[in-house]
Amino acid sequence: MFIRTKTHPFGRQFSTGTVRILLIGLYTLYPLGCILQLVPMSSGEGVVSSLVGLGLVVASLVIVTVLAGSSLQRQTQEPEAVLDERELGERNRAAFQAHSVFSGIVLIGVLYMMLTTDMAANDKLHLWRPSTGAHWNAIFGGLILLSFTLPGAIIAFGKSKAEID
Amino acid sequence: MIHNRLSVFRAERGLSRKDLAEAVGVNPQTIGYLERGDYAPSVELALKLAALFEVPVEQLFSLKPFAPLALSLRDQES
Chain A
1 MFIRTKTHPF
11 GRQFSTGTVR
21 ILLIGLYTLY
31 PLGCILQLVP
41 MSSGEGVVSS
51 LVGLGLVVAS
61 LVIVTVLAGS
71 SLQRQTQEPE
81 AVLDERELGE
91 RNRAAFQAHS
101 VFSGIVLIGV
111 LYMMLTTDMA
121 ANDKLHLWRP
131 STGAHWNAIF
141 GGLILLSFTL
151 PGAIIAFGKS
161 KAEID
Chain B
166 MIHNRLSVFR
176 AERGLSRKDL
186 AEAVGVNPQT
196 IGYLERGDYA
206 PSVELALKLA
216 ALFEVPVEQL
226 FSLKPFAPLA
236 LSLRDQES
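Same order as they appear, the protein sequences are chains A and B.
Read in order, the letters of the first sequence correspond to residues 1 to 165 in our numbering.
Read in order, the letters of the second sequence correspond to residues 166 to 243 in our numbering.
Bound conformation, chain A alone:
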């Protein structure tokens, strides 16, 4: 997902530090917002924390919109023909690493679900598991955001100090 505007056809140029802060904000605010929003719903109380949670989720979506218009996101989403050899090389390495990280996260999630289901069935231990549509929506929403932003995050966090300066 790359948002191209008439004023910034190649995306907005943010410093690597700014992009890193935005990404840390996104990866912190979204899960925190989901937890605050969904936990009270299951216990039937805590309207304030639910609203705060909703606010954090909205803030994380604003961050995604800002990142979607950045030159870094352009590098991860543009067709090959419009990128130069350095950008393509960086993108290919980032895509490979993002695939490994994403697969690992999904694998850990599946293993967790398998173990918690198994333990709950044997009445050994009752750990949290997604049980409502809202829980699953939050998880899938998070995975979609992660898949959009992970290659760019790997490029941004992979830059050396010399490259940032």
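Hints were generated in silico from the structure; no laboratory data involved.
Misleading hints may appear alongside valid ones.
[What the hints assert, rightly or not] Taking beta-carbon pairs under 8 Å as the criterion, some of the chain A residues facing chain B (in silico):
id: 1; residue: D84
id: 2; residue: E85
id: 3; residue: R86
id: 4; residue: E87
No residue lacks a Cβ here, since even glycine has one placed at the ideal position from N, Cα and C.
With the hints as your guide, set chain B onto chain A.
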């Protein structure tokens, strides 16, 4: 690491990074990466740059560090 004299040649020609990038078909940021030695160019890009500055490619890129310009000039004079 590949060493280069790209910034020297570019300054001599009075080209901006953007001008040079457009001339060889890359992003201006890539010229910055090349000049800092953070990126090793492909053979095609190295040859394009050498052709643009009308020098053999080994005068522009080297596996060994280039001698400082002042030292080269002093050696020529003596």
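The hints, checked one at a time:
1. D84: Holds, because the Cβ-Cβ distance from A/D84 to chain B comes to roughly 4 Å (cut-off 8 Å).
2. E85: holds, 5 Å
3. R86: holds, 5 Å
4. E87: This interface hint holds because 6 Å falls under the 8 Å limit.
Figure legend: structure checked against the earlier numbered hints; every hint is met.
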